[in-house]
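Chains as they are written, first to last, in numbering that gives the first Met the number 0: chain G, 0 to 324; chain Z, 0 to 324; chain P, 0 to 324; chain F, 0 to 324; chain Y, 0 to 324; chain C, 0 to 324.
These are calculated hints, taken from the structure and not from any lab test.
A portion of the hints provided could be inaccurate.
Note that the list lumps identical chains together, so a pair holds whenever it fits in one copy or between two copies.
[What the hints assert, rightly or not] Straight-line C-alpha distance at most 25 Å; calculated SDA-like pairs for lysine to any residue:
| # | residue 1 | residue 2 |
| --- | --- | --- |
| 1 | LYS106 | GLU26 |
| 2 | LYS311 | LEU322 |
| 3 | LYS29 | GLU90 |
| 4 | LYS318 | ARG135 |
| 5 | LYS180 | LYS288 |
| 6 | LYS281 | TYR211 |
| 7 | LYS299 | VAL136 |
| 8 | LYS281 | GLY134 |
| 9 | LYS174 | THR300 |
| 10 | LYS174 | ARG122 |
| 11 | LYS287 | ILE302 |
| 12 | LYS299 | ARG122 |
One letter stands for each residue in the lines below.
6 protein chains.
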Amino acid sequence: MHPALRSRIRGYGYEVFMKEMIDDTDENRKKIVQFVAQEVKNDGKIPHFTREAVEEIIREAKRKAGMRDKMTLRFRELGGLIRASGDLALERGHRYVTAKDVLAGKKSARTLEQQIGDVYLDRKKEYNILVTSGGRVGRVNGLAVIGEGGTVLPIVAEVAPAQSKSSAEIMATGKLGEIAKEAVTNVSALFKKISGKDISRHDIHIQFLQTYEGVEGDSASVSVAVAVISAIEHIEVRQDVAMTGSLTVRGEVLPVGGVTQKIEAAIEAGIKEVIVPYSNIKDVLLEKKYQGKITITPAKTLIDVLKHSLIKGDKIVEKMRELID
Amino acid sequence: MHPALRSRIRGYGYEVFMKEMIDDTDENRKKIVQFVAQEVKNDGKIPHFTREAVEEIIREAKRKAGMRDKMTLRFRELGGLIRASGDLALERGHRYVTAKDVLAGKKSARTLEQQIGDVYLDRKKEYNILVTSGGRVGRVNGLAVIGEGGTVLPIVAEVAPAQSKSSAEIMATGKLGEIAKEAVTNVSALFKKISGKDISRHDIHIQFLQTYEGVEGDSASVSVAVAVISAIEHIEVRQDVAMTGSLTVRGEVLPVGGVTQKIEAAIEAGIKEVIVPYSNIKDVLLEKKYQGKITITPAKTLIDVLKHSLIKGDKIVEKMRELID
Amino acid sequence: MHPALRSRIRGYGYEVFMKEMIDDTDENRKKIVQFVAQEVKNDGKIPHFTREAVEEIIREAKRKAGMRDKMTLRFRELGGLIRASGDLALERGHRYVTAKDVLAGKKSARTLEQQIGDVYLDRKKEYNILVTSGGRVGRVNGLAVIGEGGTVLPIVAEVAPAQSKSSAEIMATGKLGEIAKEAVTNVSALFKKISGKDISRHDIHIQFLQTYEGVEGDSASVSVAVAVISAIEHIEVRQDVAMTGSLTVRGEVLPVGGVTQKIEAAIEAGIKEVIVPYSNIKDVLLEKKYQGKITITPAKTLIDVLKHSLIKGDKIVEKMRELID
Amino acid sequence: MHPALRSRIRGYGYEVFMKEMIDDTDENRKKIVQFVAQEVKNDGKIPHFTREAVEEIIREAKRKAGMRDKMTLRFRELGGLIRASGDLALERGHRYVTAKDVLAGKKSARTLEQQIGDVYLDRKKEYNILVTSGGRVGRVNGLAVIGEGGTVLPIVAEVAPAQSKSSAEIMATGKLGEIAKEAVTNVSALFKKISGKDISRHDIHIQFLQTYEGVEGDSASVSVAVAVISAIEHIEVRQDVAMTGSLTVRGEVLPVGGVTQKIEAAIEAGIKEVIVPYSNIKDVLLEKKYQGKITITPAKTLIDVLKHSLIKGDKIVEKMRELID
Amino acid sequence: MHPALRSRIRGYGYEVFMKEMIDDTDENRKKIVQFVAQEVKNDGKIPHFTREAVEEIIREAKRKAGMRDKMTLRFRELGGLIRASGDLALERGHRYVTAKDVLAGKKSARTLEQQIGDVYLDRKKEYNILVTSGGRVGRVNGLAVIGEGGTVLPIVAEVAPAQSKSSAEIMATGKLGEIAKEAVTNVSALFKKISGKDISRHDIHIQFLQTYEGVEGDSASVSVAVAVISAIEHIEVRQDVAMTGSLTVRGEVLPVGGVTQKIEAAIEAGIKEVIVPYSNIKDVLLEKKYQGKITITPAKTLIDVLKHSLIKGDKIVEKMRELID
Amino acid sequence: MHPALRSRIRGYGYEVFMKEMIDDTDENRKKIVQFVAQEVKNDGKIPHFTREAVEEIIREAKRKAGMRDKMTLRFRELGGLIRASGDLALERGHRYVTAKDVLAGKKSARTLEQQIGDVYLDRKKEYNILVTSGGRVGRVNGLAVIGEGGTVLPIVAEVAPAQSKSSAEIMATGKLGEIAKEAVTNVSALFKKISGKDISRHDIHIQFLQTYEGVEGDSASVSVAVAVISAIEHIEVRQDVAMTGSLTVRGEVLPVGGVTQKIEAAIEAGIKEVIVPYSNIKDVLLEKKYQGKITITPAKTLIDVLKHSLIKGDKIVEKMRELID
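Chain G extracted, bound-state conformation:
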């Protein structure tokens, strides 16, 4: 099996994207135009691209960047799209590669890595791992990036009597990477405040469901916070909501990467509302077919997240407001 498929589920922050993007300037757009021409020339068989087709390539470069006014630097992936679109145009007997060819090419050029996200999602739905309606205590639909696509990553929390008479343990499973573990540590500052002194009498269990290849990054912070607070307070979480976002120890929501892919995955899974960091709103660049299919709710603090995800959560929102404002 292709080793590329051994991808870790990534709920990473912004830094990865940072390193693979350039500004969306006229100069850089020209570079992409040149790159398209060169690929056509190198290939030798595929026809030239129309202006609209090139525009579509640039649009994809922007989508892949994941940040407004930026374009991806991963030209190798763009190259795959260019060739796939060209081949389609040839098949269709087009004299030029059109925007439609590029859109169609996008699907056939989906890499092995992208397909994993789909398979995971399929499986989760088929095997009842995903819940997308009603309310559940201690269960949250997180969002993650896997390969190049997004996926819904359910997180379940439970509170149990402490093994130790004097001290609580916080146990997070799912093969978490270093940053993901630190994120849980940061989030614990918030639910310890909700619990108060009582915290020492209970163990907190946090489970990332079926993440056998591991979890990286800190973008599940808000999901973990909501799942644990729900479990502590026995308040239901809306299952038609999914969410992504990093958190400070004082409850501010920080930006994350891959919001576009994550939102598209949420739509595919049947989610009705996504909560994303306020400062990421401008990075959302949905494919046409996904536009208008979901409510996108920006959040500046954990308060905003709790308000939109808890069922009958007014009291706990009020309590949290006092603690972190």
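Given the structure of chain G, go ahead and fit chains Z, P, F, Y and C onto it with the hints provided.
This is chains Z, P, F, Y and C only, laid out in the frame that chain G set:
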């Protein structure tokens, strides 16, 4: 000795199978037909396959996938089966390889790895390690995959006075891999709830019997949960029942891999009933000779598992229902 | 010095033997006959073997397997025996290699590894490390495999006031391998039950005497259990008894490897009775000279072991019976 | 993407600079003059440098050293500047490379590494991670070096009920390197004194925001101290202030590296006042465009830092004075 | 400097010697005679050895073995002695190498490794690290092997108020190897019994003086036991006594390696009495010049050791007798 | 930058020097004379050395040894000095290399490593890290070796309320190596005795200032002891005193390496008195220009060290005397 025999016992989740399967589509079936033809050609000596023989090869490809509507990608193993079947047809003087030749070939093509599962099972029966009738406190017949076959993996639990005056320890032995250890951590949330505050006064011992090469994966979660709850509550577990299934920290049963192989192994061991995750039911694809030989009980939550495995367990089932519903 | 001598003392379970054995079938016996013939041919000088001589080789193949109805796969070692027997026959001017030549060859073919077991035993006797008569508190004669031979491995336990006011420590020394450490953990479930709440006020020290190269496996479990229970209860252990056996956390005795070699070593050391797992009884295949020289006592549970090893242990046997039955 | 971009954020002490600098002596200045001549000769195309241009190169060598009366030894970087300035002079048709060409060259010669600092800063501003006005409890603008430039590194602290009934934990996240972790340990001596016995009842959380590549060095010590003291005492920190400095366990401020770059980064971020170690004041060598743009406050002890960064912090300054004087 | 000098101080048990020795049989003596002849032949210049000279070589082979009725297998070292003796005979114009030449050769053939022991000893005396008269609380002269020679290894113990209110720590410094650490653990069983419940209120510090290259083995066990018991009970230890011996957790003294070298080192250091394991007495094979220069006291249990090493230790000996008999 | 500059600060004990020295015998002096002649011959250009010049070389060999009656084995370094002196003699037109040339050569031959010690010292003075007058609580001027030269290494200690209600922590920062950490452990025995039971209520912080490359060895033991005792007792330490010395857990001062270099560094830093181990006094071999510039105080026990370093420390000296005598 062949290094392949150094296989770890795997009670793994679904992910491994995920990566080695393709959809059961007409297109992919055609690929297998072509693959059979090519193997026949490469070999040079074995005769062509009848349509029914090829159907049998495809059926095996589906069995190996372990998931409904999927076929295995491990063509190398199929190749072994094709050659073994062809050789048998030659021996029998058949002009074409028939479905019967393939069924017979399946047995002779069992790899070294598959044979281990058999040997382990033989040994466990001969050396009284397996118990398959009556009731026992703290002892559960788990199910695992070893090499390419299934096996019954007994798990024993005991509760002892805590070494520490203030804190319980949960000790699981059997050279557990990372995911298996995390699974024990997740399961502990459930038995801590059964125990209540009392948990801190006892150490919990969990032993995977004679797994000298180690245990991977989280499909033993339900077995561990039942063994420990039985030990805590001094309630007997049915020994004619075997079980497999992953668990969330809130008691939901999640799907696992290899259910077909596991059920066949349970039958070989003399088990009368197997409990499997509800969402895995559709993946069961028993060989004809095993069909109807065992009761297959689907479980959605730990409640279902306890109901079918405990003897006189009504009270504890009721208690657990209150705790996890 | 030959690196082979750097062998670890192994008190291992059954798995090692498992991997190096084949069934004792007519077909496999034929293979050994062929192997003997081939070795004779390859050597070019040694004479052919009589039917009885070949039988003796097969008997050795069975002894080495360590499991009834199995034969060893370690043909290289058999080859050494064949050549040594042939050389002896030549020296003695025999026209054929006889069964007696093979028996004599067995001694001269003892590998370097086998010799170590002897040396260790010699040293232990000469240096008063072994005690083989009378009764001692906290001291048990365990049995282990070293190289290809057996040896007596004394284990000493002591109970001391706990370093910590609130928690006991269990400390086992002797460079224990992973499985050996897990075995001590499993055994601790049993002596914690004997101790009751009192366990937290004492540290338990367990010492494998002079095992500078390390100890592997779990076959010392019963020895550790008896030594610690003796130390806790101030009851003497019979020093003319030696024992081997793995244990579950609930006190059942599980089979181990190498019982034949271990029993022969016990006889050499002057031990009068050995306790072995009930399911291993059928694996005992002593050389003629050792037959009838020792009482072999089978044990199904720790109760059986305690009954035969403690002096005036009735009360503690009764107490343990209540705890693990 | 260029691996050089995978730079860790460094808030390091003085040692790095130490190793890469020589005295600012006439002899060493001559070496730089010779180096410029040699680079011109090696290049073959760029014109000679005027005396003023060489002076500007020397000035840059001093800036890069980061310590008064020292010059950098990193000639490879200077070489880049020389060639960039030469190319500019050629473009502009200059017969000699002038001081202005060098100043212009400095910008175009900014290495990839330098650009990262800019990008990080841009992102932090755009994504609301930076706060540069008003007051906040538990939030401090630290200063760090990233690549060859400076950056503002926000640090957030929070105090929460302790997980353990008897002991506090101090948890710092952000992938801290060894020296950075030791710095937090040292700083803890100071906030434990502020807390008094009460310290054992609370967990202290310290978060370096979005430092996915890790943090090295001890120059964030003062920032951590101020953030934690602010969180403990519920006193606001001025957000228009940024700070850098190492600390002894008794509250003395020790010198750090990179003060010039850090101050310039603070100016770029909109900070109004920077607090730097008293003994580093002489190392500040701002580019002309930054001169006079920010208040530079020297600090000898933590008292000085608290005085300039806390809003209504008189009481706590008084308390700290009693504790560390 | 020669890497051989980087030797660890070894206070090891018997196992090392075990592996490098053969039986002192006529057959093996013949092998040494042949080896001498061969070395003479290979060298080409040195004369033949008289029977007495060869006897002296054999005697050295026995001394190096360190165990009665055994001879060393380290022929390479014997080769050095043969050549050195031959060269001396040549220098002296002898026609044959005589026993006296061999005795003289022994000194000049001392390897670099042997010389280290001397240097360490010199240094310890010159720098007042060794104390060889009077009585001291918590200080014991241990004996160790360094390179091929022995050395005196002072061990100092101290009892201090425990850092923790509820638990004692036992801290041993001197870069101890794994077996050495386990030896300290074993010994702790004994001094915890002397201390009783009180043990939890004090930390025990054990320091192997100036062993910068580390300490291996368990032969310092008796020294550590005496040093700690002396420190706990405020009883002086005789400084004109040195000791070596391994210990069981129940106070029995087990044999160790290198007793001859250790005793010779003790004599060189000015020690008046050495305590060695009872079962090692037969291994002592002092050079003529050392014979009768020291009292050699055998010990079967820790009681024997305490009797001969403590000043006014009757009470503590009595107490220990009750605890370990 | 030259990797040699990445030297760790070493406060090591005697062992390093031990391995790199030979006896100061006539024979060895002859070897140095021959070495000088050979270097002159190999070089081909530099003139012969006068007897006085050779004497100066020998004197340097003794200084480098660091131990009376020993000479260094590091001939490579001596070679550098010989060539440097020869070159100077040539420059000066001397016919022979004179003692003065050697003295001058010593300065120019200072290796890169030696220069680091100077730079560190410069920096510490310039950046106010060093304090060399007056009294300070919890601050001690230690002495260390860096490269081939000495340096002053300030150590700061502080006592803070314990994080844990029941247990003290001792935290030492500065990237300590294994021996350095063990030294802190040993020293803790002494300050725990001073504190008494009270020790469990406070955390002890020990900081080696700005030792970014790490600290090795145990020669800072006395400095750590004095710094912590000063912090516990709120007694000032004289800042015009520096000290070096290893310690036993019972307060005896043990010898260390590099005393000559350390004392010279102390003089350069403006220190007025150095405390060195009594047994090292004979190793001091100051360059003429340093002779008489500092008071050298020998110490046999920690009492001696405290007497000369504390201001108004009579009471604490008395208390310590009772505890360790």
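How would you label the pair LYS106, GLU26 (within, between, both, or neither) given a Cα cut-off of 25 Å? Classified as between: cross-chain Cα gap 18 Å, same-chain 28 Å, threshold 25 Å.
At most 25 Å between C-alpha atoms: does LYS299 with ARG122 qualify within a copy, between copies, both, or neither? For LYS299 and ARG122, the Cα distance is within 25 Å only across copies (16 Å; inside one copy 33 Å).
At most 25 Å between CA atoms: does that hold for LYS299 and VAL136 within a copy, between copies, both, or neither? both (24 Å within a copy, 17 Å between copies)
When Cα atoms must be at most 25 Å apart, do LYS174 and THR300 count as within-copy, between-copy, both, or neither? between (27 Å within a copy, 23 Å between copies)
My question is about LYS318 and ARG135: at a cut-off of 25 Å on alpha-carbon distance, are they close within one copy, between copies, both, or neither? both (21 Å within a copy, 20 Å between copies)
How would you classify LYS180 and LYS288 at a CA-CA limit of 25 Å: within, between, both, or neither? neither (36 Å within a copy, 43 Å between copies)
Have a look at LYS174 and ARG122 and pick one of within, between, both or neither, based on CA distance no larger than 25 Å. within (20 Å within a copy, 30 Å between copies)
Evaluate LYS281 and GLY134 at a C-alpha cut-off of 25 Å and name the case that applies: within, between, both or neither. Intra 30 Å, inter 27 Å, cutoff 25 Å: neither.
Under a CA distance limit of 25 Å, which applies to LYS287 and ILE302: within one copy, between copies, both, or neither? Neither: 31 Å inside a chain and 45 Å across chains, both beyond 25 Å.
Within, between, both or neither: LYS281, TYR211 at alpha-carbon 25 Å: Between copies, since 22 Å is at most 25 Å while 33 Å is not.
At 25 Å max between alpha carbons, let me know whether LYS311 reaches LEU322 within a copy, between copies, both or neither. Classified as both; 19 Å inside a copy, 21 Å across copies.
Could you place LYS29 and GLU90 in one of the four classes (within, between, both, neither) given a Cα distance threshold of 25 Å? between (28 Å within a copy, 23 Å between copies)
In this structure, the earlier hints numbered 5, 8, 11 are contradicted, and the remaining ones agree with it.
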